[in-house]
Amino acid sequence: MVSFVVRRIGWSLVVLLVASGVMFVLVRATTDPLSSVRAASATGGDSDAVASGRLVAAEQRRLGLDRPLVAQYGHWLGAFVRGDWGQSIVSHRSVGREIRAKLWNTVQLIVWGIAFSLAMSVIVGVASASRQYSALDHGLSGLSFVALSMPSFWFALMSIELAVFVPKRALHLDHPLLYSVGLHSATGGGAFDYLRHLVLPVLTLSLPLVASWSRYLRSSMLDVLSAPYIRTARAKGVRRSRVLRHHALQNALIPFTTVSAIGIGGLFGGLIITETIFSWPGMGQLLYNALLTGDTNVLLPWLVVAASFVLACNLVADVMHVVLDPRVRL
Amino acid sequence: MTAALSVEDLRIAFPARHGDDVQAVSGVSFAIAENEVLGIVGESGCGKTSLALAVMGLLPSSARVTGEVALGDTQLRGLPERQLDRLRGTRLALVSQEAIGALNPVHRAGDQVAEAITCHRPMAAADCLVRVVELLELVGIPDARARGRCYPHELSGGMCQRVAIAMAMANDPDVLIADEPTTALDVTIQAQVLDVLRRLKERTRSSVLLITHDLGVVAGIADRVAIMYCGRFVEVADVDTIFHNPVHPYTRALLAMMPAQRRPPTAGRPDAVVEVPPPSATTPTGCAFHPRCPFSALPEPCATVVPELAPLAVEDHVCACHRTGEMSTIAGAWVTAGAARAKAGALAEAVATHAPEPLLAVRGLVKHFGEGGARWGRRRGVVHAVCGVSFDLARGETLGLVGESGSGKTTTARLLLNLLTADAGSVRLGDEEVLGRTGGGMRDLRRRMQVVFQDPYASLNPRMSVGSIIAAPLRVHGLYGAGGPARVAELLSWTALDPVLADRYPSELSGGQRQRVGIARALAVCPEVVVLDEPVSALDVSVRAGIVDLLQDLQDRLGLSYLLIAHDLTVVRHTADTVAVMYLGKIVEIGTRDDLFLRPSHPYTQALLSASPIPDPRLERQRTRILLEGDLPSPSAPPSGCRFRTRCWKAQEQCAQEEPALVDRGAGHPVACHFPEAAELA
Amino acid sequence: MTVAPVDASLRPQLGRATGSLPARPSFGRRYARHRLGVIGAAALVILGLGALLAPLIAPFPPNPTLTAKVLAQARQSPSWCHLFGTDELGRDVFTRVLYGGRMSLTIGLCVALASTALGTAVGAVAGWFGGVVDQLLMRITDLLMIIPGLAVLMIAQKGLGGSMTVIIAVLSLLSWHIIARVVRAEFRRMKALEFVEAARASGARAWRIMAFELLPNTVGVLAVNAALAVGGAILGESALSFLGFGLTPPAASWGSMLSQSKGAVGTRLAYLVYFPGLAILLTVLAVNFVGNALRDAFDPAS
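Protein chains in written order, with the working numbering: chain A, 1 to 330; chain B, 1 to 682; chain C, 1 to 302.
The set of hints was computed from the structure by calculation and includes no laboratory data. Incorrect hints may have been included.
Quick look at which bits of chain B chain C covers, simulated, 3 or more residues with Cβ under 8 angstroms [said to hold, decoys possible]:
hint: 1; segment: 308-320
hint: 2; segment: 455-461
A short, non-exhaustive set of chain B residues, derived as facing chain A with CB atoms under 10 angstroms [said to hold, decoys possible]:
hint: 3; residue: G57
hint: 4; residue: R64
hint: 5; residue: S96
hint: 6; residue: C119
hint: 7; residue: M123
hint: 8; residue: G425
hint: 9; residue: S426
hint: 10; residue: R428
hint: 11; residue: W649
Each residue gets a CB set at the ideal place from its N, CA and C atoms; glycine is no exception.
Here chain A stands alone, though its shape is the one from the complex (with noise of 0.2 angstroms):
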């Protein structure tokens, strides 16, 4: 198991590898890194179009900008790897202190969120196969069609109408049940307050999450269940409730964990979402702003971080696997 582990991660440090090499082509294929000097050098007019070609050049040198593109991955790599990330063009501050002191934040966000996710999509998975073709069934499989159709943005805005607007106009509250804004008050605290900021984004993160997975499992449950050796248990005289937890279940989490390592790959695109909707001081808001303001240095470390992310639960995924199905050999 620790040498599959370590192989494993091993694998995952060249697949990260090859990624940044990607983002790298993809990034400097789409910015220029001088824009700025050459916005601010064009402003002289005409009589300084040399002088400020020559400005553009001397940048251009002293970030190595001239060099091939290999030479440059390999020295933003170097850099990269000692910690030296750069510089936000925008805020001068390093864009490793940036992006530390926004991940908590996301981070928070999605363990809520694949938490909430799993538990959703367990209950709703097994709760419409256990009854297929039940009214129940029926019922979650519309919704988790209408949530697989729904835009989150628009989940998002309508929630925050719905939960958070009407309810206060109606029952003319001082403040909202819920919060449609950052982590905590501005007055502090606690832990229900926090909560109160937490159901909103937690659950348009968690929307098109819960809808795939719980229609996996679903499936996938409904597949265990006609096995043969379920008809064995039952044979045996276990109860159907023992049959659906210790038989079926652990068999239908199995390929369950596969599929969820590439839900969990579109995570971040729900983050940048739920984070500007919600203004939550995170990734996805660092990355939304950079974009706004041309600070192409944050963009580069962003991907990276958030590659790195998905790798790491694809991991997780893959030692779930192993853990759960013997027939896996080591």
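The hints should help you fit chains B and C onto chain A, whose structure is shown.
Chains B and C in isolation, oriented as in the chain A frame:
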């Protein structure tokens, strides 16, 4: 006397998603006495599994069940789920068909047996373990304590089925329902499992409901037999009567396909009943069997009135047939019509002995698998699938290649068709070497060598019409042209398929019809050699005869050479001129059919012959069979010396050290054994 | 009556295989069994016609010159005159939803076509030939799975501009791997089936087997996944536009309409948020229903 289990007028219907309900069981009644074995025999779709599940109360809730089921004095129908749970596993137990699939893959085998005990009465872990080991030993699992800690995928099919039986017997049930307990197993393993069932029944005095499609399985173990067709019992009698004085035409048809062990193999072949689509799809009016029945010449009353089970002369013998009276006058099992074929066979044999030049010559074929099978960065062992196989196939002859799963027979077929690349060896078709050819050269040879596959469902492209499936090889070789449609029509008529089927899709055909399409496709390009890879083993018993017939007629008419691959000796004994027996990638015995069946000399051939059930209950009860010990060794680590020695009762020091060559040691044909001894088998 | 001799009664019928199952219902009939699929298809037709014929149907111009007369119409709640109300600038929301549909549906369909074509080609080759090609494909899809797509879209739009072509191209490049994986899995599964071996045994070349034997068998999964791709592309584009990284104004999709009106939440103008969002929801829902129905209708066993 109250019966251990009685079922009264049981009816089961399933709502179809589109259209009418499907009636799976329509009015079945029976009773099993204490310690009695009732065999229910029927083909796929006849409702026998639904019947078993209805008794267990395990049908899906969508099924509509009426009628009464009583276990001793307890009425089961309408009993609350909780009380049923308490009865299941204690007084009523089930062993189902899928050997490995019946065990939960994520739990250890021993834990699953333990659960069968502890879910009914709490027990200390240590006591439970003792009981589990005792049970596992009872069903003949060696080294029970260690095997109990294995996961199901680490056990063989036979072992898994034993664990399933141990689970069912954990609380000494009054009634055991065994639903096709041996179908997924090899013949030699089937013999072992049936033996376990027989011993346990004697020990626990349980009653057994044995459900199977194979009459041979019930011959040695059942007291009474019920034949089921289309959701109804058509004939019920004690086991001797069923085998010696069957009345219903369907029973006779089933019996006709049994290997007639006592008859000389050349004396004839079984006759066919008409094939129709799966019965569940279109249940005919009147007697459900009448569209296939060779005796229902008149539409009245067979096509209009459903026959009831009516008593016959012998006590407790009932049969549902309008023509019972006429039927009883036709004596004995129904075998004829083979005379012409016997002549042709003799002719072929004569040709075979004189033919100097074989059409297909296979020499030293070798194939190892698994070099590239890496997963998670680790390599698996090398599987020695085929290790030096050689044989000749003469023009117009049939060579039967027999072996159980893992023997390498199917790999051999794929190798000589060049569908797999052989590691070594040579295959000569006439004057041309097959192996190593690629591209156009191979394509020309493929015209001369065709194949019919085992699974009639997987071997036809579901998105192509029957006509285009048959035409595909013609198109590949540029032979379709203007005469194409006529050729397709001709092939359809050769294989006795209705020409209108050309526009239909495989999903609209029955299994037998699909297999005919597969045969027509193989014949499209006029091959000389046809490889038949288990051509009937996936088909229902009563359909097999028709396919075997067809293959023989085509051979006679077109002078084809067949390489017939089979997992047991039943089909081969009717059709092959020469038989080769394979074990773990090697041929252990090869000889003419009569030689091999009448004077088998290799212990494995003898065991194989002995394991196939005989359709004669009296003989079956008396005879001592050769029961092989244990399972097939892993092909990735074959035993040293003689590969069969680990299961052989004659094994000695020499066998472990020296590999026996395949030579004639006085048996009249080549045998790969140090101590061959021809045995006259009953 | 007399009993016919066994031989004579048997012989004529020997081995004859008669009859067949009832013929399979036509494709249309199999599709029509799916009530939701029919409803979804109808909804799509209506939405498509609405978008296509927007210039004929729409009661107002989508981007009118902002005269005093237009501005006077601003902030009107839904009414018979303005079905979906008007926005802050007095533009008719119903009209803009119709025109927005043109953008969203075009992007959805183009991305689905492009990614299905690319994915099928790559998946088929990888599934059939295996080996290095296959390894390469799987590694590329691994990469696509860990790189956050929305972030890449935003960066690309920032760098390459918000034209329709850029958005379609980048969305396709980010989504083809899903179909490639599905097709690859199907090809690998079928490669081991006996009908493919039968084709090989009859001497058929690889391209012939792939085109005539395997590809027709993937129609079902292709239909479902293409439908899912339409929905995914519409959702992706709307998210992108919502964040302000979509089409360059004044071109407006449903997403960018929502982006402009997100400030209306909690105010009297909240209705501005309802309709474009509902339009997206209904379209994607309809596409998903159609996909499900297509899968069942294409299933050869149905």
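Give me the numbers of the hints this structure contradicts, sorted from smallest to largest. Per hint list: 1, 4, 7, 8, 9, 10 and 11 violated.
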